[in-house]
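The hints should help you fit chain V onto chain R, whose structure is shown.
Protein chains: 2
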Amino acid sequence: MEVIFRPIGIIHSPFTSLEGMPIQPSSDASGPGFIEVFPEFSDGLKDLEGFSHIYILYHFHMVKSSRLTVTPFLDDAPHGIFATRAPSRPNPIGLSLVELVRLESNTLHVNRVDVLDNTPLLDIKPYVPQFEESANVRIGWLEKAKSRMNVRKSDDRFK
Amino acid sequence: MEVIFRPIGIIHSPFTSLEGMPIQPSSDASGPGFIEVFPEFSDGLKDLEGFSHIYILYHFHMVKSSRLTVTPFLDDAPHGIFATRAPSRPNPIGLSLVELVRLESNTLHVNRVDVLDNTPLLDIKPYVPQFEESANVRIGWLEKAKSRMNVRKSDDRFK
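Protein sequences appear in the order of chains R and V. Everything in the first sequence is counted per the numbering used here, starting at 64 for the first residue and increasing by one. Everything in the second sequence is counted per the numbering used here, starting at 64 for the first residue and increasing by one.
One chain only, chain R, in its complex shape (with noise of 0.2 Å):
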């Protein structure tokens, strides 16, 4: 069984090469960038605007090969790939939690921008922290790399 989907637009953010991006939207290094959504989903945007946060949803486009473990960024031991955020999954879908600054008229100006230039966006979604609310986070492999988080940046390894 296939699931077909098309994108709504385009995220443009200030990373051209997988090389010294962010590795997520906390980083220090991430960045602003914009979203252009097609004119055809514009109606798709109305009252967006009073979210200040919004996850997007988009195709991890330059990964060609997916891969079951991986050795992430902030660790040297290998995980199963649905314990990491690297982008070369089975199905290919980044997800980001991003800072919504402005909206003008199809375009969305954002902030915590972690995506490659030129990705095509699947989909845009409210973040509301109170659909979200979790008690006693246990965050496995990743509680000893804390510290490494926010400024720990991409490399080649998941071209």
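These are calculated hints, taken from the structure and not from any lab test. One should not assume that every hint holds.
Which copy is meant is left open, so a pair is good if it fits within one copy or across any two.
Unchecked claim - Calculated cross-link-like contacts (lysine to aspartate or glutamate; reagent style EDC-like; alpha-carbon spacing at most 16 Å):
(1) Lys207 <-> Glu103
(2) Lys209 <-> Asp139
(3) Lys207 <-> Asp110
(4) Lys127 <-> Asp139
(5) Lys109 <-> Glu167
(6) Lys127 <-> Asp110
(7) Lys127 <-> Asp138
(8) Lys109 <-> Glu99
(9) Lys207 <-> Asp139
Using the frame of chain R, we list chain V on its own:
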């Protein structure tokens, strides 16, 4: 341009019809369920059980058509589809944060499921609050619906 994905598993829940379903994971009505990851993806689950919460991405397979504005369960006014979590989206991708209770071979026992039984699973990502630290969150039109968030249930409007 098309992006083609293939399910990596199936989500099982107590919810066999859209009517009466919880509308999001933190709802009082959300319940336990299990996720069957297809055996060929088992290796990708290594070390996942260190995480207490995971994002599941899935295909809203019962949605037959998309709408750009919808009147969501928590309001009586229409909003742009991207300012809601409603399933009838241009690309019907669902996102839920669920609690991972136990991993048993390639079966994930989860809690706080707000997904229809037999929903095709597209991806699993670890939940890492540190990746998504957000200050000064505003939640737009949902602000005035706060008190109803955890009790309101689904009906068949997005069939």
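Okay, the hints, checked on the actual structure:
1. Lys207 <-> Glu103: neither (45 Å within a copy, 29 Å between copies)
2. Lys209 <-> Asp139: within (14 Å within a copy, 43 Å between copies)
3. Lys207 <-> Asp110: between (40 Å within a copy, 14 Å between copies)
4. Lys127 <-> Asp139: Answer is neither: 23 Å inside a copy and 44 Å across each miss the 16 Å cutoff.
5. Lys109 <-> Glu167: within (11 Å within a copy, 43 Å between copies)
6. Lys127 <-> Asp110: Neither way: Lys127 and Asp110 sit 36 Å apart in one copy and 24 Å across, limit 16 Å.
7. Lys127 <-> Asp138: Neither: 23 Å inside a copy, 42 Å across copies.
8. Lys109 <-> Glu99: within (15 Å within a copy, 37 Å between copies)
9. Lys207 <-> Asp139: within (11 Å within a copy, 46 Å between copies)
Violation of the numbered hints given earlier is confined to hints 1, 4, 6 and 7; the remaining hints are satisfied by the structure.
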